[in-house]
Every structure is written in structure tokens, then in C-alpha cells.
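Trainee: Chain by chain, the residues run as shown.
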Amino acid sequence: MKTSLVLTSALALALSAHVASGSESHAQHGDGVPASGEHAHHQHRAHPPQAADEHADHQQEQARDRRVPTDKPTESERAHVPPDPPQTTLAPISMERMVELMQMEDDAPFGMLLFDRLEWRDLDDVDAQAWEFTAWYGNDYDKLWLKTEGERVESQEEGHIKLAWDRIFARWWSVQSGVRHDFREGPSRNWLDFGVRGLAPYFFEIDAAISFGDQGRTAARFSGEYEMLITQRLILQPELELNWYGKDDPQNGVGSGLADLELGVRLRYELLREFAPYVGVLWERKFGRTADLALHHGEDDSEVVFVAGVRAWF
Amino acid sequence: MKFDSQSSRPQLSRRRFLASAGAGLFVVGASRNLSIAQSAPQSVLSGTNFNLEIGEMPVNFTGNTRVGTVVNGQIPAPLLRWREGDTVTLRVSNRMSMRSSIHWHGLIVPADMDGVPGVSFEGIPSGGTYVYRFKVNQYGTYWYHAHSRFQEQTGLYGPIVIERRGGERQHSDREYVVMLSDWTDTDPERIFTTLKKQSEYFNFGKRTIGDFLADVRKHGLGQTVADRRMWGQMRMNPTDLIDVSGFAYTYLMNGVAPANNWTGVFNRGERVRLRFINGSAMSIFDVRIPGLKLTVVAADGQDVEPVTVEEFRIATAETYDVIVEPKDDRAYTIFAQSIDRSGYARGTLAPRSGMAAEIPPLDLRPLLTMSDMGMSHGSHGASDATAHRSGVDHAAMGHGPMGHGTSATTPLRHAPTEHGPTVDMLADEASTGLNHPGVGLRDNGRRVLSYADLHTVGGPIDRREPGREIELHLTGHMERFVWSFDGRKFSEAEPLQFSLGERLRITLVNDTMMTHPIHLHGMWSEVETPKGEFQVRKHTVMVNPAQRISYAVTADAIGRWAYHCHLLYHMEAGMFREVEVAPAGSHGGGHT
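So the protein lines, in turn, are chains A and B. For the first sequence, our numbering begins at 7 and goes up steadily by one. For the second sequence, our numbering begins at -1 and goes up steadily by one.
Take the hints with a grain of salt, since some may be wrong.
[Claimed, not checked] Taking lysine-lysine and the BS3-like style, the derived pairs with C-alpha atoms no more than 30 Å apart in a straight line are:
(1) B/K204 <-> B/K194
(2) A/K78 <-> B/K133
(3) B/K325 <-> B/K291
(4) B/K216 <-> B/K204
(5) B/K529 <-> A/K78
[Unchecked claim] Part of the chain B face toward chain A, derived, beta carbon under 8 Å:
(6) A109
(7) D110
(8) P115
(9) F119
(10) S146
(11) R147
(12) K194
(13) F202
(14) G230
(15) T420
(16) I459
(17) D554
(18) A555
(19) G557
(20) F574
Bear in mind the hints are in silico, worked out from the structure with no lab data behind them. All C-beta atoms, glycine included, are put in the ideal place defined by N, C-alpha and C.
Construct all of the structure, not just a fragment, from the sequences and the given hints.
Mentor: Quick look at the structure:
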């Protein structure tokens, strides 16, 4: 109570100072108001102590054309009553406690499960299923990513799974560092994986990564996607995917160099934003040593595949 | 209805009556579901002692029953009628399981009465009661709302009308509060995380291949491709006007959905004062009453020199008092369409209840232009034709605030913190004029209000020249749904420090493509013209995309205050700062 009285009188002094000094608003000091010179001085400091405000250097004394002060207090000046000082104040509290009281956590983690592709594929003589699934959890800056994609043909699964730390580093881009595990017909391969993910100009969604495996193996991967709105819910999505390997891995049907390319287009209808059935067509082409290996095994080095599936997220 | 605490206080002067005939009608129409909030007619509480009980209750605005946050069983909360000069006491009890709070928006009150948990006080815990008590030294139209998480979105908002001692400056025969809001059946927590995952989720007005072909026919291939290239380079979408749309929202007028037609009755020839309040969480409305001129007489509770318009934009948390004089024996539609034209709130002024007038069609969805993006791509006057194009290093440009001379734009500088990965856009230059009514309203064929039309009666509350200037940029990342000042979220920034008694200038620069209503608690924001002359006193200042706006503040309110964007999800995402007002040299409270 005592404190608040002191504060009240300080405030009253400060206010009387500013009303009194109103008529000499260009004064840089309060000399004309002896009773409250100290307060007046505070008011007219050109550069009072700054908070850690990023724009401190922006503050300019601008010689703009200011309003001409009148001799008399304005009607609003007479009517305005500043608030009394608070009778109680919060003791200094931690940011955590403040967040708890406010229930306003601007750095809270959140997560997403995305089945970007869950599809049935019409191969030449057999059916196949394919998936591309992402789960992530984290705050605006850092997220833990789990991503897997692959294809299942006659109970034989081929694909990879990746666990990565995703960190945003530029307006539209994040880096991903993690580990990747490939499972194929031959021995599985493990890699350290470094990638960049983001939105390129013209809204191309890009995901590119290089991988380093055992025995000096290297691999690189690039995918790009684009979305064209036919209507607000009917969306055409072309995509391109490329794979490159540094070393032959014949047991897994992989040759060094550019191994394969997939060009696809999917047309989805967003019944809900979260749930969209689609149909699509893919053209897959193998190159170089990888193509040779495929031909050697009696497979085609290029094929056209029709797909149908759903895209869903939570 | 339980008002046990109130009935035990006989001194309480409390009147309850139907706010309007329309509300009564709606009650009849909705009586099949007695649980809804509207089954209790909108009440008015007046006097000096109030008991407000915050609770949860099933409500039904859309045909689906949801749980709303109610005050005394109502959404909107009861209208509080005060008298200038009175000291009011409000005992606010929290009957919910989570912490709550009430903030008196636009009221100049002591810091511990301001109602912001974590800043003003600890909030009102579950089962607790907080007694707000302050002297009312102002008059006009204001409102109150929760300042806890998304409770404002789920219903905790209500109007405040303070009668002027000695009578209103502008006579009226009758008055109505017209409180606009946005109701959603979706859990706001879910909306928030949805925006974090897919920020364009609620935008069903994006440009399609069909729009491309139509533009080619209209403007030619070259110009259309160039337009798409510019937006594509920026990775921005010209249809991003607001984050949550009519897809999720049912827009309400005094708590009444459009189909149920809130109605205010008038007698022909009366002067009717409409006290518009935008009590929405996340919506900006363009308001008009086809057939009637709107004479704006107050803004944010502050009397302005009357100005007659046909339409006005009311940003979240703003209030406008408007006088209309219906002369004909007919109904008039009060039409408040959302900024993205994805829906509207609607009501009726009529000589008798049960009438309705034609509802105008929604306007075409506006598209942002390059000048809204702070780029001078020839989309405005010839004086800008020589200005830099996109890609020019801003830092290399002139620093004079009025570098373009007669041009109403100014080049900008940006703080280093704005260059981080959570800021997706920096304007090259900003418009400085106050005469822009807002995105989609320029040249729409109607006389639309702008801040340049508003002149507060009685001048500023402080004639002193501001002693210093704080420039803050409104920043964000649309896709990541991160919002901030100067590229720093609340959790990443220190409080702003104001010295007690100082007069300072805050300059806001909007580096985003969205319109942000910025609200400083505890102190008035006295908006200045580009020349620095006093224009209008506001508690919430609407900042258009790529606009630079300045206002003077007298730091006469000792204590800690909130300062934030009043779009609720922007605030929750980080577009919030604390302001501390303390005698010079004694700062240092706040969080650690």
C-alpha cells in the first residue's frame, strides 16, 4: 500500500510536469517546472535507456512537420485520466510460469502424420502396393522426422526408412540430418543421410539428399513436386524423382551412376483437406548399369504404371 | 439460470431485457434445443456492482451442439452498461476446469485490473474469483473478452457501453449494440495445429487453372505469366487475406447466425445509433447497410467528427459508432462480409420485427497486389515508376522516411532479426498514407471509410512532441504459421520499456501480406498523419499489408502491459510483446 502511494504521487508529479510542459513541447528539459524538474527531465530524454529492441538503430529524430502545440490543454488532455498504479504486481516469474499462466505457448511442439501415398499399383502381370509416409514432431524450428517409402510386390518389400532431425535454416528451407535404412531383395544397406527440403521458387516442393553408406557407398536422391489447382479441391500433382548411386550393388539391382527416374502425375480430389482419393500414372525408367541389371533379370528397363490410392493426414 | 451470488446482493442494480426483437425471435426458433446459450435472452447488466460467472455450456449456432465458453450462461456475454465517472466492481468467478481471465478492451484501468494472465495478474484459477474494481474515466463503446488461450474464440466476449456524463455528443433516439463475431464448431486447438501443418487449409479461394485461362483472355498471356511468375518467385499467394475463413466460421451478429436474422426495430425518422464491435477472434469485416448512409461518430469509443460513408472496414477488436436515419417503412440489411468474402454476418433494421430485406451478394474475393506486398511494380502511380524493382537490396536504398517526395510510399530498413527463417517476406517500401481503406475496398464504387476520415474530437491527450521513436515491423511466415514483431516471437523477445511519463512514437511497418489489428493495452494509440499531425485516438490500430503507420503514446500507465496482434491465432503464434512502463532507470521487472 505504501509503495502504491509513493507511485501514485510520483505519477501525479510526472503528469503535472507533462501538462505544465505541454506549452513548451520543444523544450528538451523541464527547467521551467522546478517542483518536478526531475520527472520532466525523464520525459524529454531524447534517448532513454533502451530495451534490447532490435530497432534501436532505427530511432531517428526526424525533422518532420509536427503539429503546432496550442497554448491551452486540449479537451482530451483535460479529460484523460491516467490509470492508478497497480496495487499488486506479479512477482518476477520464469518464462515457463508465464506461459503456464497465459496458456500462450508460441514455441509448443506439434506433430503430423501424413500418408502422402497409400496406393495400389497395376504392374504388368501383378498388383503391387506402394506407400510414402511421413511423421514429424517438433516446434517451429526443430522437428524429428520419420519418413518411409517403398513398394510391395508379391509380399516382397523394397524401400527405405529414414529418421532425421529437421532444422529450418532459411525462409523456405530446412536441413535434414539422419540415418537411412534401405531394404531390398539383396542385403539391406544403412546410410548417413543429409538432405535439404523446402519450397523452391514457383512453388516446387523439393527434397534432395545425399547418403553415405558402408564400404564407401554413396547415393543421391532428388524429388520435386508441384500442385496445380483445377478446382479448389481437384488437384493435379506432377512429380519427378531421381536416384543416383556411387557404387555398383548388383545384389540389389543397382548400378553406379544415374539409376532410375520416375515421372508421375496424380489427380486427387480433396473430399476433406485431410482425405483425398487419387488416381495417377507413373513412368519409370532405369538407366545405365541399373538398366542392364534389370534387363539381365528379364525385367523391363522402363514401364508405365497406373496407380490409385488415398492421401491422408492427421 | 443461476445467479445466486447476485441475488444475495440486493444493492445490485440489474436490468434484464431482450436486446432486440430479433433475439426474441431466435429464441423461439431455437427453443427445440433448450441447452443453447441463446435460450437465455441477451441481457444488459448496469450499475456499479457486477457478478460475472464464467462457465461452459452446450451451445448450438450451426445445427451442431458444441461446448461454448459463456458468461452468466450467455454468448455473447451480457452487455455491461456503465456511467462515466462511476467506480465499478466486477466479481468474476471461474466455474471452468481451466484458468480464465477477462480483459476490458479499450478501458484505461490500473495494470492489475487489465486481466492479462502472466502480465497483469495470475489469471482466475478454476473455482476462483477475481474482483476487478476501477474508476471509469471514459465513455463510449468497448468490449470485454477472455485473455486466456482460445476462450475468446469459444464465446467469452461481450459488449461494454459507457454513458457519457452530460449526455452523448451526438443525439440519437435509439441505439443498438451490433457485436460481430466468428463461431466455429471446430476445436480452436485443432484450428491452430491445422494452421501449423497446412496454413492454407481454410483458403478455398486460391487461383486455379481456370483463373489462369480467364486472366490470359483478359490480360493476355505475357502479362498473366508475368503475374504468376512474380507471385511464384516470392512463393506467396495473392488470395491469402485471412487465415481462418467462412469454411470454419459461422459469422454472428449479436450472437445470432445469419439465417436467424438478428433484428433491431426502429421508428421511421429516428436517429439510430449502432455500436459496432468486432468481437471476433480472427475476422475482419466490411460493413454496410444498403439504402442507408452511415455517419461514423466514434471510433474505438472515442468521438470523432461525424463523417458519412457507405461502408467501413472493422478490424478485429475495433469499435465504430454509426448513426443511421432510416426514413422509409422498410427493412434494411446490416451486411458484414468477411475480408476474404468467404461469408458474412447479417442482421436487419426494420420498423417491425419479422421483416427482412434483400441480402446483397458477397463481393468478389479481392486479390492482393504487388503494392500490398511492398513492391513497387508499377501497380500504382507514375511517381513510383522509377522506383526500384524487386530484388534490389533494401539496405542500399535511401533512408529518408519520405524519400519519394510526393509519393505516398517510403523505402524501408529491416532489423537483422527479420532475416531469419521464420520471416517469409520483407517489404521494399511501405505506403504511409492513411487514406487506404484496406485490401479489396479501394475503388469498389462505394464511399469507404479510411483512417484519414477519422478526426478525434478534442485533440490528443498529450500535445507534447514524442521524445523518441520505436519502430517495430510486423512479421511472419505464412506457410510455417509463425507470427512475430521484428522476426521475434514473444518467447524470443524482451519486453519493450517505456519510461513513465514519456511521450513516444511507435511506428509499425507491416512486412506481411495480411492486415493486422495491433492492440496496446493500458495506453492510447494516437494515430498520426504522415506529417505527424494528430489524426485519431485508437486502442486497436489496423495496419494494412505493406503499410507504415505511426502513433504517439503517452506512457502514463505504470506497470506491465500486453501489446499484440488481435488476430487470436497470430497472438498465440507469437505476435505479442510485453510493454513495461516504469520510472526511467527502474526497469527490470518482468519475467526472467
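Trainee: If a hint holds in the structure, say so; if it doesn't, say that too.
Mentor: Here is what the structure says about each hint:
For the hint linking B/K204 to B/K194, the alpha-carbon distance of about 19 Å falls within 30 Å, and the restraint holds. The suggested pairing of A/K78 with B/K133 holds, with an alpha-carbon distance near 26 Å, which does not exceed 30 Å. Note on B/K325 and B/K291: the hinted pairing holds, with a Cα-Cα distance of about 11 Å set against a maximum of 30 Å. Proposed proximity of B/K216 and B/K204 is supported: the alpha carbons are some 18 Å apart, at most 30 Å.
For the proposed pair B/K529 and A/K78, the alpha carbon gap of about 22 Å is at most 30 Å, so the pair holds. With a cut of 8 Å, the hint placing B/A109 at the interface with chain A holds, because the nearest CB-to-CB distance is about 4 Å. At about 4 Å, the closest approach between the beta carbon of B/D110 and any beta carbon in chain A falls short of 8 Å, and the interface hint on this residue holds. A cut of 8 Å between beta carbons decides the hint on B/P115: the least distance to chain A is about 4 Å, and the hint holds.
Interface restraint check: B/F119 against chain A, minimum CB-CB distance 7 Å, threshold 8 Å, status holds. This hint holds: B/S146 has a C-beta 5 Å from the nearest C-beta of chain A, less than the 8 Å allowed. For B/R147, the interface hint holds, since its Cβ comes within 8 Å of a Cβ in chain A; the closest pair sits about 4 Å apart. Checking B/K194 against chain A: minimum C-beta separation of about 5 Å stays under 8 Å; hint holds.
A hinted interface residue such as B/F202 counts as satisfied when its beta carbon comes closer than 8 Å to some beta carbon of chain A; here the least separation is about 5 Å, so the hint holds. Hint status for B/G230 relative to chain A: holds, with the closest Cβ pair at about 4 Å, below 8 Å. Satisfaction of the interface hint for B/T420 is found here, the shortest Cβ-Cβ separation to chain A being roughly 6 Å, below the 8 Å cut-off. The interface hint given for B/I459 holds, since its Cβ lies 4 Å from the closest Cβ of chain A, which is under the 8 Å cut-off.
At a threshold of 8 Å, the smallest CB-CB gap from B/D554 to chain A is about 4 Å, leaving the interface hint in force. Checking B/A555 against chain A: minimum C-beta separation of about 5 Å stays under 8 Å; hint holds. For B/G557, the interface hint holds, since its Cβ comes within 8 Å of a Cβ in chain A; the closest pair sits about 5 Å apart. For B/F574, the suggested interface contact is upheld, since its CB lies about 7 Å from the closest CB of chain A, less than 8 Å.
When the structure is compared with the earlier hints, no violation turns up for any of them.
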